[in-house]
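Listed here are the chains, written in short residue letters.
Number of protein chains: 2
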Amino acid sequence: MRKLSRCVAAVAILACLCAIGGAQAIAQTDPLPSWNDGASKQAIIDFVTRVTKEGGPDFVAPEDRIATFDNDGTLWVEQPMYTQFVFAIDEVKKQANQHPEWKDKEPFKSVLAGDMKAVAAMGEKGMLEIVAATHTGMTTADFSETVDKWLAVAKHPRFKVLYTDLAYQPMLELLAYLRANDFNVFIVSGGGVEFMRGFTRKTYGVPPWQVVGSSGVTQYGMWDASPVLLKQPKVLFVDDGPGKPEGINHFIGAQPIFAFGNSDGDKEMLEWTAACKRLCFMGLVHHTDAVREYAYDRNSDVGRLDKALDEALAKGWTVVDMKNDWKTIFAWEKPSP
Amino acid sequence: MRKLSRCVAAVAILACLCAIGGAQAIAQTDPLPSWNDGASKQAIIDFVTRVTKEGGPDFVAPEDRIATFDNDGTLWVEQPMYTQFVFAIDEVKKQANQHPEWKDKEPFKSVLAGDMKAVAAMGEKGMLEIVAATHTGMTTADFSETVDKWLAVAKHPRFKVLYTDLAYQPMLELLAYLRANDFNVFIVSGGGVEFMRGFTRKTYGVPPWQVVGSSGVTQYGMWDASPVLLKQPKVLFVDDGPGKPEGINHFIGAQPIFAFGNSDGDKEMLEWTAACKRLCFMGLVHHTDAVREYAYDRNSDVGRLDKALDEALAKGWTVVDMKNDWKTIFAWEKPSP
Numbered sequence: 005m006r007k008l009s010r011c012v013a014a015v016a017i018l019a020c021l022c023a024i025g026g027a028q029a030i031a032q033t034d035p036l037p038s039w040n041d042g043a044s045k046q047a048i049i050d051f052v053t054r055v056t057k058e059g060g061p062d063f064v065a066p067e068d069r070i071a072t073f074d075n076d077g078t079l080w081v082e083q084p085m086y087t088q089f090v091f092a093i094d095e096v097k098k099q100a101n102q103h104p105e106w107k108d109k110e111p112f113k114s115v116l117a118g119d120m121k122a123v124a125a126m127g128e129k130g131m132l133e134i135v136a137a138t139h140t141g142m143t144t145a146d147f148s149e150t151v152d153k154w155l156a157v158a159k160h161p162r163f164k165v166l167y168t169d170l171a172y173q174p175m176l177e178l179l180a181y182l183r184a185n186d187f188n189v190f191i192v193s194g195g196g197v198e199f200m201r202g203f204t205r206k207t208y209g210v211p212p213w214q215v216v217g218s219s220g221v222t223q224y225g226m227w228d229a230s231p232v233l234l235k236q237p238k239v240l241f242v243d244d245g246p247g248k249p250e251g252i253n254h255f256i257g258a259q260p261i262f263a264f265g266n267s268d269g270d271k272e273m274l275e276w277t278a279a280c281k282r283l284c285f286m287g288l289v290h291h292t293d294a295v296r297e298y299a300y301d302r303n304s305d306v307g308r309l310d311k312a313l314d315e316a317l318a319k320g321w322t323v324v325d326m327k328n329d330w331k332t333i334f335a336w337e338k339p340s341p
Numbered sequence: 005m006r007k008l009s010r011c012v013a014a015v016a017i018l019a020c021l022c023a024i025g026g027a028q029a030i031a032q033t034d035p036l037p038s039w040n041d042g043a044s045k046q047a048i049i050d051f052v053t054r055v056t057k058e059g060g061p062d063f064v065a066p067e068d069r070i071a072t073f074d075n076d077g078t079l080w081v082e083q084p085m086y087t088q089f090v091f092a093i094d095e096v097k098k099q100a101n102q103h104p105e106w107k108d109k110e111p112f113k114s115v116l117a118g119d120m121k122a123v124a125a126m127g128e129k130g131m132l133e134i135v136a137a138t139h140t141g142m143t144t145a146d147f148s149e150t151v152d153k154w155l156a157v158a159k160h161p162r163f164k165v166l167y168t169d170l171a172y173q174p175m176l177e178l179l180a181y182l183r184a185n186d187f188n189v190f191i192v193s194g195g196g197v198e199f200m201r202g203f204t205r206k207t208y209g210v211p212p213w214q215v216v217g218s219s220g221v222t223q224y225g226m227w228d229a230s231p232v233l234l235k236q237p238k239v240l241f242v243d244d245g246p247g248k249p250e251g252i253n254h255f256i257g258a259q260p261i262f263a264f265g266n267s268d269g270d271k272e273m274l275e276w277t278a279a280c281k282r283l284c285f286m287g288l289v290h291h292t293d294a295v296r297e298y299a300y301d302r303n304s305d306v307g308r309l310d311k312a313l314d315e316a317l318a319k320g321w322t323v324v325d326m327k328n329d330w331k332t333i334f335a336w337e338k339p340s341p
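So the protein sequences, as listed, match chains A and B. So for the first sequence, the numbering used here puts the first residue at 5; every next one is plus one. So for the second sequence, the numbering used here puts the first residue at 5; every next one is plus one.
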């Protein structure tokens, strides 16, 4: 063992020397290059610097560095329609041949006629029927495969790229920056947990067990002498609004010190984070860029930001102004001059 | 940056040389010193060696190395009564002054009279009433604090040590061995998730979000202008039997390749793991040591092992014979000669 110990010591010493020598070079690397210099970027960097400063008054141990992010509108585009709903609509069209009765039955009739206004007018009830028809009655494995195949080909109507290419580059940099500072990064979204788990690892580097989302009941059983999990048409848990802190408690079991959202559905998650009893960070993405992405807030049906915006402004939470704070929005986009 | 790059290269080269020079020394360190040499220990080491061998036919990428462990009877003692139920009983006694009506009301009357036979005779209904009275109606923060305080002082009636000192040393070594080989280690237990999260990090090194367990509904609300989560007397999810693969899907979102249990409540988790479509490991702890711990299986009310034992024997799963396979059971115990 002596030889090994000496080697370990030599590596450790050399690594230390390198750290000292390299510190200046590392410090000069901007961890958030797609963010314009300004209050939002500065607030993020200040927060991370303070909670990671050992011996400082705001130091938080790595195990307690919990960061939670909403998904739709916070990490990727949610306009003109939530991606998961686009998937459901596409599935209805794909499966229409096997369901001749849908021709005469709402909400499927309107979906198949391409009348999305009529679908929207049916409200939540119609939406839930479409989701139930396309998200339940199959095994979890079959559902995952269907999601994988759809994500590999479906393209956004305006940007003409895969949906996973609509992740916001500044937020990808933020996720990487937090992880590099030993944060445990979670997604906490109203979206279906099994839909999201189809892309969160590849797109965001977030493993499936760090994704909190709305969930249906599954039932364990045998199919052809093999065990399967069958997706039932029964909601177990809705991870939106007050459901977000409830979901954080249920899945994560620890209170965040850092949270980012973009709509009123994130208000309670941000309030719960603000109650963290130490230094904590609350952020909102405000969609202000109709040219490069979309501009919407108080009057939007998708991702309405109204009460949470008032609260953020009143309490001094960080409100990211997409148009001015983000140098680049998408990795494939040319930076603005 | 040149200086930094040269340093990194030097560290890398030295680390490689060390790895070559130290390989022999490392190979000689037994990762499972509390396990006697034998079929169980060999099966574990063979499995880990095969799935971690890059380029080998059974290699599994680190992100897919999911290991799930039952808790009661698999990682710590569950006799003569599940620890969480001992906690509930102690809480009933502690709160009796505030509930004068309990004197005349079952199951509390029998609990307060110390008549555990009568409590047991009331079956699941009595047990659920005791759990509801002691686990709901408070905030999640208050409940955690109560659990912390209890775990810090309550002692096991036979071993006279803290319950957290009744974790099995061979299993602690196994958890560490798997983590050292880049496994993602989870607890999947019928126990209450919030009770377990009170000790899993300290005792097992498992963070709260890697604990899957039975869960109640919580409700977000305001209390004195501060947000709280109130524990409701309503079951959300029971993580036992078929609930274990369902819980694995719900919380983890990935299929295990390694699972360990000790009772019939683990049968479906082990079957689900056995369906992993690559090399997978299924293990059972068989309690065979009445002298150092307990001996029980097919006829025990607590931790009954009957159908799962038959299945394990028929399918060649690893059955740990506690008496013969474990050199040391508890860290504080002197090893047997």
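A couple of the hints might just be wrong.
The list cannot tell twin chains apart, which means a pair is met if one copy fits it or any two copies do.
As the list claims (entries may be wrong) - Pairs of lysine-lysine residues, derived as DSS-like cross-links and limited to a Cα-Cα distance of at most 27 Å, are as follows:
#, residue 1, residue 2
1, K153, K164
2, K121, K319
3, K281, K153
4, K311, K159
5, K281, K206
6, K281, K319
7, K281, K57
8, K327, K153
9, K57, K113
10, K164, K319
11, K206, K57
12, K109, K281
13, K57, K109
14, K109, K319
15, K238, K129
16, K338, K121
17, K97, K281
If you are wondering where the hints come from, they were derived from the structure by calculation, not from laboratory data.
Handout entry: Violating hint indices (sorted, rising)
Key = The structure breaks hints 2, 4, 8, 9, 10, 12, 13, 14, 16, 17; every other hint is satisfied.
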